[in-house]
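Colleague: What follows is each chain in one-letter form.
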Amino acid sequence: MRFAVIRFGGSNCDRDAQYVLSDICGVDCDLIWYKDGLTRPYDAVILPGGFSYGDYLRAGAIAARTPVMKEVIAHAEKGGLVLGICNGAQILAESGLVPGVFTINAYPKFICRSVQLRVETPDSPFTSLYKKGDVIRIPIAHKEGRYVAPEDILSELNKREQIAFRFCDDAGNVTPESNPNGAMEHITGVLNRGRNVLAMMPHPERASEEILNSDDGRKVFLSMITHIERTKGVTG
Amino acid sequence: MMYLAKITIGLKEGMLDPEATAIRHALGNLGYETDELRTKKLFLVRFDATDAREAEEKARGMCERLLANPVIHHFEIEVHR
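From first to last, the protein sequence lines stand for chains A and B.
Under numbering that gives the first Met the number 0, the first residue of the first sequence carries the number 0, and numbering increases by one thereafter.
Under numbering that gives the first Met the number 0, the first residue of the second sequence carries the number 0, and numbering increases by one thereafter.
For reference, chain A alone in the conformation it holds in the complex (with noise of 0.2 Å):
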């Protein structure tokens, strides 16, 4: 089993995700230079958070266009798993791999805070070891990060559960109050229609161990791996 985690210019939570991945989930990742392309095969792809591009024109719309990401598109129709981080969440979206967009926040300034989320669907490969509805606590770190997309589009991915976040508060209720960027619907974590693809605002690498302050986050990363072996046939 082998992830990639993807280093553009100006991602910074690469080596967090890679860490997370290799010395607390203990499985093979690569870091690799969007320039040098995915040259062998991975189970996963992951866009890490940071600035791509300096978010010039629209955060991840840069990154979006680049070759590498043709070869993630590639990856992803033949099924294989890719998670986007916040900058990674955007660079998915503007890439079509997700619906939608995530935007400049509704009060526009930059937020980083520990939030609470609610596990919408247990459904997917990134979330099968959550259950619905539990209230998971995951920091984010954006100014761009309100979820906005059409009407018709919203109620295609509640039909069909694609949903795989949503902002809450403590006791899993989606208030006003509990939705810090002011996302539609509270909206933070979308999947595909072929639910390999996620895209969340949320940094679950960041929320990986009990030494910082939350371990909610490594489910993301264990229920990749869990699906990749069950994928595979094989253990450990």
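Keep in mind the hints are simulated off the structure, nothing from the lab.
All values derive from a computational prediction rather than experimental measurement.
Keep in mind that the hints are not guaranteed to be accurate.
[Unchecked claim] As a list, the in silico SDA-like pairs of lysine to any residue whose alpha-carbon atoms are at most 25 Å apart:
no.: 1; chain 1: B; residue 1: 11; chain 2: A; residue 2: 157
no.: 2; chain 1: B; residue 1: 11; chain 2: A; residue 2: 150
no.: 3; chain 1: A; residue 1: 231; chain 2: A; residue 2: 213
no.: 4; chain 1: A; residue 1: 69; chain 2: B; residue 2: 19
no.: 5; chain 1: B; residue 1: 40; chain 2: A; residue 2: 53
no.: 6; chain 1: A; residue 1: 142; chain 2: B; residue 2: 36
no.: 7; chain 1: A; residue 1: 142; chain 2: B; residue 2: 14
no.: 8; chain 1: A; residue 1: 142; chain 2: B; residue 2: 38
no.: 9; chain 1: A; residue 1: 108; chain 2: B; residue 2: 10
no.: 10; chain 1: A; residue 1: 69; chain 2: B; residue 2: 63
no.: 11; chain 1: A; residue 1: 130; chain 2: A; residue 2: 25
no.: 12; chain 1: B; residue 1: 57; chain 2: A; residue 2: 56
no.: 13; chain 1: A; residue 1: 231; chain 2: A; residue 2: 192
no.: 14; chain 1: A; residue 1: 142; chain 2: B; residue 2: 41
no.: 15; chain 1: A; residue 1: 108; chain 2: B; residue 2: 19
no.: 16; chain 1: B; residue 1: 40; chain 2: A; residue 2: 192
no.: 17; chain 1: A; residue 1: 108; chain 2: B; residue 2: 44
no.: 18; chain 1: B; residue 1: 5; chain 2: A; residue 2: 64
no.: 19; chain 1: B; residue 1: 40; chain 2: A; residue 2: 61
no.: 20; chain 1: A; residue 1: 108; chain 2: B; residue 2: 57
no.: 21; chain 1: A; residue 1: 131; chain 2: A; residue 2: 108
no.: 22; chain 1: B; residue 1: 57; chain 2: B; residue 2: 44
no.: 23; chain 1: A; residue 1: 131; chain 2: A; residue 2: 79
no.: 24; chain 1: A; residue 1: 158; chain 2: B; residue 2: 70
no.: 25; chain 1: B; residue 1: 11; chain 2: A; residue 2: 107
no.: 26; chain 1: A; residue 1: 142; chain 2: B; residue 2: 7
no.: 27; chain 1: A; residue 1: 142; chain 2: B; residue 2: 44
no.: 28; chain 1: A; residue 1: 34; chain 2: B; residue 2: 64
no.: 29; chain 1: B; residue 1: 39; chain 2: A; residue 2: 56
no.: 30; chain 1: B; residue 1: 57; chain 2: A; residue 2: 55
no.: 31; chain 1: A; residue 1: 108; chain 2: B; residue 2: 5
no.: 32; chain 1: B; residue 1: 40; chain 2: A; residue 2: 56
Using the hints provided, position chain B relative to the given structure of chain A.
Modeller: Structure of chain B alone, referenced to chain A:
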């Protein structure tokens, strides 16, 4: 033939424009009461095309493929020689 495309990109009607709200608020602090403020981005792009029609088509392609995000933006194109 060289053409200059003036591409203006703005948010679709009804889209929240937090930047505009903040700017409007700051104008209010300076004593300028305003009813509306909207922000747009202007791109000036010079490139080769056989005629105005092709220039406009190319500019449209640039908008659809990179400069605008169709989920939230609309765009206007003017081409000049």
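Colleague: Of the numbered hints stated earlier in the document, which are not met by this structure?
Modeller: 3, 4, 16, 17, 20, 21, 27, 31
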